[in-house]
Amino acid sequence: MAEVQVDEVEGGEGRRRPLAEYAAELEAVSLSVRAAPPLRLKALVRACHHALALFDLLGVEAGFWKTEYAERLVALERAAEAMDSAEELVDRDVAAGRVRATGTHSNNLVRVKRGIELKRVPFQLMLAQLQQQRPGGGGVSFDGVVSMAYAAVFARYHDKNVQSTVADSICAIPVKSISDFFATINETDESAAAEMQKYIDAANGIISYIDELFASRGVSVDF
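Residues 5 to 227, numbered by this note's numbering, are exactly what the sequence shown covers, in order.
Think of the hints as simulated: they come from the structure by calculation, not from any bench.
Treat the hints with care, since some could be wrong.
[As the list claims (entries may be wrong)] List time: in silico SDA-like cross-link candidates among lysine to any residue, alpha-carbon distance up to 20 Å: (1) 180 with 69; (2) 46 with 79; (3) 202 with 134; (4) 164 with 151; (5) 202 with 24; (6) 202 with 79.
Make the full structure from the sequences, and use the hints.
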């Protein structure tokens, strides 16, 4: 069974920069699929692997988010051993009439896409806040932008019990301010702004590509 390995984020001089690593990998995937489709599964999984380090910042209460996302990546990584592209993956499920079924490769691909969206929303919010004022000088807190991201991307797919559990886990996030978040991932305001913009641009391309892939097969991703 394939395993997704996760490196822990350590603060301090010369330490890892998980946002920069994630943004660079996602940008490479976006540029590649724009220049020469199709969307390669192995490249997508490799890029999304970097998201797991960011989940660690949300604390132990949010561990189930990381576990669920890692399981989706493992499933796609295993699928990539037999199928090179997202197109082939979706076409097989369409032919079998089971695109929306829980646990299918298409279902996992959509969940991974939403994971990309889940990071895009807070980055958009934090970038807007940076452009207006310093992140430590007021505005929305870090857990606030995470809550907004969940509400925008996942909440409508979850029942009230799950939404309540997620709300509790967000309240327990140890990183409270945006400036603390930047410090934890070894970024300054300026470098974080550049990396978040890079991520947003790359995410836009990949999200649109996956949405259009399903739409071209007559399938909505709203499941």
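Hints, one by one, checked against the model:
Taking the CA atoms of residue 180 and residue 69, the gap is about 18 Å. The hint holds against a cut of 20 Å. For the given pair, residue 46 sits about 11 Å from residue 79 by alpha-carbon distance, which is consistent with the 20 Å threshold. For the suggested pair residue 202 and residue 134, the alpha carbons sit about 15 Å apart, so the restraint of at most 20 Å is met. Proposed proximity of residue 164 and residue 151 is supported: the alpha carbons are some 15 Å apart, at most 20 Å.
Our distance criterion of 20 Å between C-alpha atoms is met by residue 202 and residue 24, whose separation comes to about 9 Å. For the given pair, residue 202 sits about 27 Å from residue 79 by alpha-carbon distance, which is inconsistent with the 20 Å threshold.
This entry does not satisfy hint 6, going by the numbered hints stated previously; all others are met.
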